[in-house]
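**Q** What follows is each chain in one-letter form.
Number of protein chains: 2
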Amino acid sequence: MKNIRGLAALAILTALAPLAAVAQLSGPLTIKEQGSFFVGGESKSVKQPATGLLPAQEGSITVNQMYVQYQIPMKGGHVPVVFVHGCCLSSKTWETTPDGRMGWSEYFVRRGYPVYLADQVSRARSGFDSSAFTAVRSGTLANASMPGILVGTHEFAWMVFRFGPKFGEAYPDEQFPVEAADELYKQMIPDLNQTLPANANPTWTQMAALGTRLKGAVLVGHSESGFFPERAALIDPQGIRGMITIETGCEAVPDDKLQVLARIPTLVMFGDHLGDVTKPFSWMDALNSCNAFVERLKKAGGDAEMMYLPALGIKGNSHMLMQDKNSNRLADMLVAWIDRHVERKGGGH
Amino acid sequence: MKNIRGLAALAILTALAPLAAVAQLSGPLTIKEQGSFFVGGESKSVKQPATGLLPAQEGSITVNQMYVQYQIPMKGGHVPVVFVHGCCLSSKTWETTPDGRMGWSEYFVRRGYPVYLADQVSRARSGFDSSAFTAVRSGTLANASMPGILVGTHEFAWMVFRFGPKFGEAYPDEQFPVEAADELYKQMIPDLNQTLPANANPTWTQMAALGTRLKGAVLVGHSESGFFPERAALIDPQGIRGMITIETGCEAVPDDKLQVLARIPTLVMFGDHLGDVTKPFSWMDALNSCNAFVERLKKAGGDAEMMYLPALGIKGNSHMLMQDKNSNRLADMLVAWIDRHVERKGGGH
Chain C
811 MKNIRGLAAL AILTALAPLA AVAQLSGPLT IKEQGSFFVG GESKSVKQPA TGLLPAQEGS
871 ITVNQMYVQY QIPMKGGHVP VVFVHGCCLS SKTWETTPDG RMGWSEYFVR RGYPVYLADQ
931 VSRARSGFDS SAFTAVRSGT LANASMPGIL VGTHEFAWMV FRFGPKFGEA YPDEQFPVEA
991 ADELYKQMIP DLNQTLPANA NPTWTQMAAL GTRLKGAVLV GHSESGFFPE RAALIDPQGI
1051 RGMITIETGC EAVPDDKLQV LARIPTLVMF GDHLGDVTKP FSWMDALNSC NAFVERLKKA
1111 GGDAEMMYLP ALGIKGNSHM LMQDKNSNRL ADMLVAWIDR HVERKGGGH
Chain U
811 MKNIRGLAAL AILTALAPLA AVAQLSGPLT IKEQGSFFVG GESKSVKQPA TGLLPAQEGS
871 ITVNQMYVQY QIPMKGGHVP VVFVHGCCLS SKTWETTPDG RMGWSEYFVR RGYPVYLADQ
931 VSRARSGFDS SAFTAVRSGT LANASMPGIL VGTHEFAWMV FRFGPKFGEA YPDEQFPVEA
991 ADELYKQMIP DLNQTLPANA NPTWTQMAAL GTRLKGAVLV GHSESGFFPE RAALIDPQGI
1051 RGMITIETGC EAVPDDKLQV LARIPTLVMF GDHLGDVTKP FSWMDALNSC NAFVERLKKA
1111 GGDAEMMYLP ALGIKGNSHM LMQDKNSNRL ADMLVAWIDR HVERKGGGH
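Chains C and U, in that order, are what the protein sequence lines are. When we follow the working numbering, the leftmost residue of the first sequence carries the number 811, and every step to the right adds one. When we follow the working numbering, the leftmost residue of the second sequence carries the number 811, and every step to the right adds one.
Because the hints were derived from the structure by calculation, they are not lab data. Don't take each hint at face value.
For identical chains, the list gives no copy identity; a pair is met inside one copy or between any two copies.
[Claimed, not checked] Calculated cross-link-like contacts (lysine-lysine; reagent style DSS-like; alpha-carbon spacing at most 30 Å):
{"#": "1", "residue 1": "842", "residue 2": "1089"}
{"#": "2", "residue 1": "842", "residue 2": "1135"}
{"#": "3", "residue 1": "857", "residue 2": "1089"}
{"#": "4", "residue 1": "1089", "residue 2": "854"}
{"#": "5", "residue 1": "857", "residue 2": "976"}
{"#": "6", "residue 1": "1135", "residue 2": "854"}
{"#": "7", "residue 1": "976", "residue 2": "1135"}
{"#": "8", "residue 1": "857", "residue 2": "842"}
{"#": "9", "residue 1": "1067", "residue 2": "1125"}
{"#": "10", "residue 1": "842", "residue 2": "885"}
{"#": "11", "residue 1": "854", "residue 2": "976"}
{"#": "12", "residue 1": "1155", "residue 2": "976"}
{"#": "13", "residue 1": "1089", "residue 2": "1135"}
One chain only, chain C, in its complex shape:
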């Protein structure tokens, strides 16, 4: 009788164990530490003409710094995860979803990972170097030399982020919460990356430095920043334990550099409806470039994986898959990959 009771109790406990794990994913959240800081940044001399409140100034400003906001959960032991947003967006990408659900930033903390959100250099709280704009305004630089500012319209986002076949019409299986698209549009802010050198984006350098500062981290990039983890690793791989490349085109890295990347576990993830968008660029071409990248990494002895969601039976995901209705499920897939390929293997540098 006692044994039977004991077994029954054990069965109940076993049944409850997954519930307990799930329970941590809602309700009060206890964090060990949180805050924000900057990585990098250099002084630059400027002559600033009088503008509004401020008088003419001659002196130094700081440029190229990267703002990082972080939360560290109570239970230690997991590798830190660094999230970097895409074009015309900020770290808001990873926070509360447009329809008000928990974003990946908090979800990963609740799953036990220290989470670091970086605003790209030249975006949001990282600021940007406004010197060229000021020079054009005062006539010391030709208008044509002014950096272009990237802006995505609602219509552009709907089509290219793969919400549906035409603006306002969703795909039948669409996972993006299209009823809350207006909230996504509020996240879309001017992209000033053209103020940065195209082949030496300081965000890559700061991502590598952040990995080193954290004594090892998984870097996650999305869209415009999708290949930034690899770019960071090519600058300094020592702090990069894993690279997660979401929804971007992969570059044809030369063989000698591929050797560096092949030492770091790599995951690429793509959503659905890739073939439905061919203008202004082809999502299928992006997928193919990343399939080729993954195959090259494998041939070079690397641990690389492509998660093309429709091929895994997960349908309807948009370009903004961290905001899609099944975002927690996708996060769980990343968590499982980090567990198997980074933490259990002790992978990366």
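Given the coordinates of chain C, assemble chain U onto it according to the supplied hints.
**A** Relative to the frame of chain C, chain U by itself:
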């Protein structure tokens, strides 16, 4: 003997009570809820020329939205506090201080207040309307019509933020952690407020709307935004239970409008060394304008208070008093004021 033991135990408990309160101010932090959202925002039609990654687009963008990040502590009952940063800064102002201490954002959460950090409209994660810049670049708008971008140099900040008598030299009693000034400089980002209508800043509207959404809040402004709580109240006072105006010049509000403001408890705070800076503007003039404002509010029956810190025996505070070495002490003064003038009185609307 038993009674004596009981009294001793009581004495120990009484002595420990303040320590228990202090203990919540470090160590693990449990929060009930956190996230981010936008207040306001309108659609605007644009013709965007092809720029870098993106093709030419004709469609809508969203402008004038205000990004808000929040944390709600476990223990309820306190009025929400909304913090809005100053010129050439972002909500980073209120987070981890330049020398790595806890900022007011977390400190107020630990003191039991729901905290809302707003990036001003046209700054950081709120984005900005880049149309005028793009129009200048493509030649459809004259250069002179391009909005000026405000930038503060290191040298400007040192002097005007009152770190010391000349760049690199601190006042003997300086409270700003000058050894970490480089970290403040990284927070200084281009200010695009000239893209907004000067007399109808959408940040004022969104602050008022945020107060209403929160069913009552204390609004805190600093420097450029120091008088924004009052500006918000003049648009819609219903959600504004208190106004805290830090380190700014106060406006000569017409009598009829003053009546609206006089119904809301108001606190003004200034640091030290005001008389040591006279260029490009006089801090003493700012203090005097606010003294006059407080006196007018009182005459109109308002509950208004000036906390001029040196007059209270608190010396050496800079313009960035939320980052000064005694920042927790100043936060405690705000908490005590909110307790007495907002919460106990049930003040405001």
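**Q** So, for every hint listed, does it hold in this structure?
**A** Now for the hints, and whether the structure bears them out:
1. Within a single copy, residue 842 and residue 1089 get their C-alpha atoms no closer than 46 Å, and across copies no closer than 44 Å, so neither meets the 30 Å cut-off.
2. In this assembly of identical chains, the alpha carbons of residue 842 and residue 1135 lie at most 30 Å apart whether taken from the same copy (29 Å) or from different copies (23 Å).
3. Taking the shortest Cα distances, residue 857 and residue 1089 sit within 30 Å of each other only across copies (18 Å), while inside one copy they are farther apart (43 Å).
4. In this assembly of identical chains, residue 1089 and residue 854 lie within 30 Å of each other by CA distance solely across copies; the values are 24 Å between and 40 Å within a copy.
5. Within a single copy, residue 857 and residue 976 get their C-alpha atoms only as close as 48 Å, which misses the 30 Å cut-off; across copies the closest is 19 Å, which meets it.
6. Taking the closest pair of Cα atoms, residue 1135 and residue 854 come within 30 Å of each other only across two copies (28 Å); inside a single copy the shortest separation is 44 Å, beyond that limit.
7. In this assembly of identical chains, residue 976 and residue 1135 lie within 30 Å of each other by CA distance solely inside one copy; the values are 20 Å within and 56 Å between copies.
8. When the C-alpha separation of residue 857 and residue 842 is checked against a cutoff of 30 Å, the pair qualifies neither within a copy, at 44 Å, nor between copies, at 47 Å.
9. Taking the shortest Cα distances, residue 1067 and residue 1125 never come within 30 Å of each other, neither inside one copy (34 Å) nor across copies (57 Å).
10. Taking the shortest Cα distances, residue 842 and residue 885 sit within 30 Å of each other both inside one copy (8 Å) and across copies (18 Å).
11. In this homomeric assembly, residue 854 and residue 976 come within 30 Å of each other (Cα to Cα) only across copies, at 20 Å, whereas the closest approach inside a single copy is 46 Å.
12. Taking identical chains as interchangeable, the C-alpha atoms of residue 1155 and residue 976 are never at most 30 Å apart, the minima being 45 Å within one chain and 55 Å between chains.
13. In the homo-oligomer, the alpha carbons of residue 1089 and residue 1135 lie at most 30 Å apart inside one protomer (25 Å), although the nearest pairing across protomers, at 55 Å, exceeds that limit.
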